[in-house]
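Number of protein chains: 2
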Amino acid sequence: MSTTADTIRNGVDTAQLYGTLDAIKADPTLATFQFRARNRWIEGAHNRTTIRDFYAANQEDTSRAEEFVVDAGEPAILLGTDTGPNPAEYLLHALAACLTTSLVYVAAARGVHLTEVESTLEGDMDVQGALGLSDEVRNGFERIRVSFRVAGDAPEEKLREVVARAQQRSAVFDIVTNGVPVTVDVATA
Amino acid sequence: MSTTADTIRNGVDTAQLYGTLDAIKADPTLATFQFRARNRWIEGAHNRTTIRDFYAANQEDTSRAEEFVVDAGEPAILLGTDTGPNPAEYLLHALAACLTTSLVYVAAARGVHLTEVESTLEGDMDVQGALGLSDEVRNGFERIRVSFRVAGDAPEEKLREVVARAQQRSAVFDIVTNGVPVTVDVATA
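Here the protein sequences come in this chain order: W and Y. First residue of the first sequence? That's -4 in this note's numbering, and the numbers climb one at a time after it. First residue of the second sequence? That's -4 in this note's numbering, and the numbers climb one at a time after it.
Worth flagging that the hints you see were computed from the coordinates, not collected in a lab. Mixed in with the good hints, there may be bad ones.
When chains are identical, the list treats them as one kind, so a pair holds in a single copy or across two.
Said to hold, decoys possible - Below are the SDA-like pairs computed for lysine to any residue, each with C-alpha atoms no more than 25 Å apart in a straight line:
no.: 1; residue 1: LYS153; residue 2: ARG164
no.: 2; residue 1: LYS153; residue 2: ILE37
no.: 3; residue 1: LYS20; residue 2: ALA71
no.: 4; residue 1: LYS153; residue 2: LEU126
no.: 5; residue 1: LYS20; residue 2: ARG138
no.: 6; residue 1: LYS20; residue 2: GLY147
no.: 7; residue 1: LYS153; residue 2: ILE3
no.: 8; residue 1: LYS20; residue 2: ALA159
Please take these sequences and the hints and turn them into a complete structure.
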């Protein structure tokens, strides 16, 4: 067997993973990241975000060949024309994607070969808040439920441990459950 | 001038907007929404979310002709192959999109014609948290900065009021700044 084949698990190069961890342990300044998004309003509920550059490991990361373009919208009942998922649905996607990637990386590090990871997310919202009809109702989701279905070559207990550990380490899970300070500046033209 | 042209502002049908608000005032049960996302792991940091159905106004909403498909990934430095923006970047997109749509709707309701809405978002993260290298560092963003550039046919003060009001009503701004309870269930196969 080749060394490469041995180190890749769940599509994650575990040798590179451990190398990254060792590099950051030796120089914690490498862990300072900044992610970015640029959004432009198009019309009505249609707006578009471009994502490409970010800061990592003490420099601007220019490794991405192209920018990503992501469109948002609203369904008809919320006065849009379905030009994309709505912002709250994108938030559920961000949470699902982060928990899943964390799960896959944790499994790779622990020697668990996964065969299937699926999740369904539901967020309950009383839109009286966001529509300005009630100050007693919050604007955002009241609660979010995540249901994972996970299969792999480990006993059920170990698979559950991997999911629990992923939850403890997911960036977006932390953001969504604990909140983050956000500042908003405005320039008018 | 036609009535239709009069009621559409910033691409938002304000007659429909006020009709929706009146309908919910008359029957607040119409405000109960549930948004959903389904995610499937593909390989490594690559996973895919599909979004279509949701619950609104006391029924399943089946108005969307097609499902939306959204791919996530990670850049090379985070062991991925750029199969899409990463989950933290999608969270910034969700926040930008929600603030922008709120701003556009508020402006429409207040008679402000917008000509430009752009925003840049930056989120600072020390990845020692998410990588499990430090328990003193949080996993998610330490802070998020949003910079809006807004132009329209209203005085600067009114444009700033519209942005402030959008912030007070944005669902994702509420979620990201205040947090939401999340439950995670696991089924193994």
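Okay, the hints, checked on the actual structure:
no. : hint               : result
1   : LYS153 with ARG164 : within (17 Å within a copy, 42 Å between copies)
2   : LYS153 with ILE37  : between (47 Å within a copy, 21 Å between copies)
3   : LYS20 with ALA71   : between (50 Å within a copy, 19 Å between copies)
4   : LYS153 with LEU126 : between (44 Å within a copy, 19 Å between copies)
5   : LYS20 with ARG138  : between (36 Å within a copy, 23 Å between copies)
6   : LYS20 with GLY147  : neither (30 Å within a copy, 50 Å between copies)
7   : LYS153 with ILE3   : within (20 Å within a copy, 56 Å between copies)
8   : LYS20 with ALA159  : within (24 Å within a copy, 42 Å between copies)
Of the numbered hints listed earlier, the single one contradicted by the structure is hint 6.
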